[in-house]
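Please put together the full structure from these sequences, using the hints given.
Going down the list, the protein sequences come from chains A and B.
Throughout the first sequence, residue numbering follows this note's numbering, covering 134 to 246 in sequence.
Throughout the second sequence, residue numbering follows this note's numbering, covering 292 to 403 in sequence.
Some hints could be false.
Pairs of lysine-lysine residues, derived as DSS-like cross-links and limited to a Cα-Cα distance of at most 30 angstroms, are as follows [what the hints assert, rightly or not]:
#, chain 1, residue 1, chain 2, residue 2
1, A, Lys-204, A, Lys-227
2, A, Lys-204, B, Lys-348
3, A, Lys-138, B, Lys-348
4, A, Lys-191, A, Lys-175
5, A, Lys-241, A, Lys-227
6, A, Lys-227, A, Lys-148
7, A, Lys-190, A, Lys-138
8, B, Lys-348, A, Lys-201
9, B, Lys-348, A, Lys-241
10, B, Lys-348, A, Lys-227
11, A, Lys-138, A, Lys-175
12, A, Lys-241, A, Lys-191
13, A, Lys-175, B, Lys-304
14, A, Lys-175, B, Lys-348
15, A, Lys-148, A, Lys-175
Honestly, the hints are just simulated from the structure, not real lab data.
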Amino acid sequence: QQQVKQSPQSLIVQKGGISIINCAYENTAFDYFPWYQQFPGKGPALLIAIRPDVSEKKEGRFTISFNKSAKQFSLHIMDSQPGDSATYFCAASKGGSNYQLIWGAGTKLIIKP
Amino acid sequence: KAGVTQTPRYLIKTRGQQVTLSCSPISGHRSVSWYQQTPGQGLQFLFEYFSETQRNKGNFPGRFSGRQFSNSRSEMNVSTLELGDSALYLCASSLGTGNGYTFGSGTRLTVV
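This is the structure we're talking about:
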């Protein structure tokens with residue numbers, strides 16, 4: 134019940150296209166859903182995050198869509214650029230005294246020029 | 292402001308040895324988490340320290356241990372190194388309220 138399942142494992146998108154990465158969770162107590170972006174040789178960096186009281190959050194070309202009833206959330210990258218090529222991780226956590234992030238397995242995204 | 296600093300960046304050790312990795316969090320951050328990252332296993336949570344106390348622990352053997360000092364700096368120790376311990380070890384700091392984790396660039400440990 135603590136798992137976060139992420140798909141696909143890898144994704145190739147043409148420059149200018151839309152990249153979509155999906156995550157699903159089981160624990161309804163989760164109340165914070167971030168996405169992290171990791172470039173080779175670097176640690177993951179927080180990209181965008183959402184809480185379950187909203188269904189969508191947009192920051193520039195990056196959008197999180199959240200479906201509470203389906204227990205799913207997804208990252209959309211519009212107008213994908215070669216510089217977006219990276220590994221993306223979704224995660225989830227719940228409030229209280231235990232804020233441990235539960236991580237998805239990651240998606241390696243390659244944007245073809 | 293300065294980011295999360297991990298030292299050393301690269302390390303080569305021999306099987307059976309022990310190693311200590313260091314992490315200096317962002318100023319004001321009281322939580323430090325450690326992760327092991329390998330190509331096949333993604334991000335594996337090791338443990339989290341908050342105000343010098345271990346708050347969470349992942350499913351790693353007792354060879355992996357850590358501690359946090361009063362200035363929030365943290366160290367991670369791995370004893371009796373095995374070849375399978377070769378990985379990128381990442382440290383992340385936060386205020387401890389559940390969001391805003393900032394990662395360091397990691398320590399690349401190679402066990403030969």
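Here is how each hint holds up against the structure:
Distance restraint check for A:Lys-204 and A:Lys-227: the Cα-Cα separation of roughly 14 angstroms lies within the 30 angstroms cut-off, and the hinted pair is therefore satisfied. Simply put, A:Lys-204 and B:Lys-348 have alpha-carbon atoms about 26 angstroms apart, close enough for the 30 angstroms limit, and the pair holds. Restraint check for A:Lys-138 and B:Lys-348: the C-alpha separation of about 21 angstroms stays at or below 30 angstroms, so the hint holds. For the given pair, A:Lys-191 sits about 25 angstroms from A:Lys-175 by alpha-carbon distance, which is consistent with the 30 angstroms threshold.
Under the criterion of a C-alpha separation no larger than 30 angstroms, the hint pairing A:Lys-241 with A:Lys-227 is consistent with the structure, at around 26 angstroms. Annotation: proposed proximity of A:Lys-227 to A:Lys-148 is violated, straight-line Cα distance about 36 angstroms (limit 30 angstroms). Taken as a hint, the A:Lys-190 and A:Lys-138 pair is honoured in the structure, with Cα atoms around 21 angstroms apart against an allowance of 30 angstroms. Under the criterion of a C-alpha separation no larger than 30 angstroms, the hint pairing B:Lys-348 with A:Lys-201 is consistent with the structure, at around 28 angstroms.
Among the hinted pairs, B:Lys-348 with A:Lys-241 is consistent with the structure: their alpha-carbon atoms are about 27 angstroms apart, no more than 30 angstroms. This hinted pair checks out: B:Lys-348 and A:Lys-227 have alpha carbons roughly 16 angstroms apart, not beyond 30 angstroms. With a C-alpha separation of about 23 angstroms, the suggested pairing of A:Lys-138 with A:Lys-175 holds against the 30 angstroms cut-off. Of the pairs offered as hints, the one joining A:Lys-241 and A:Lys-191 holds, with about 21 angstroms between alpha carbons and a cut-off of 30 angstroms not exceeded.
For the suggested pair A:Lys-175 and B:Lys-304, the alpha carbons sit about 21 angstroms apart, so the restraint of at most 30 angstroms is met. Between A:Lys-175 and B:Lys-348, the direct Cα distance comes to roughly 24 angstroms. Compliance with the 30 angstroms bound is thereby established for this hinted pair. Among the hinted pairs, A:Lys-148 with A:Lys-175 is consistent with the structure: their alpha-carbon atoms are about 23 angstroms apart, no more than 30 angstroms.
Hint compliance for this structure: hint 6 is the single one not met.
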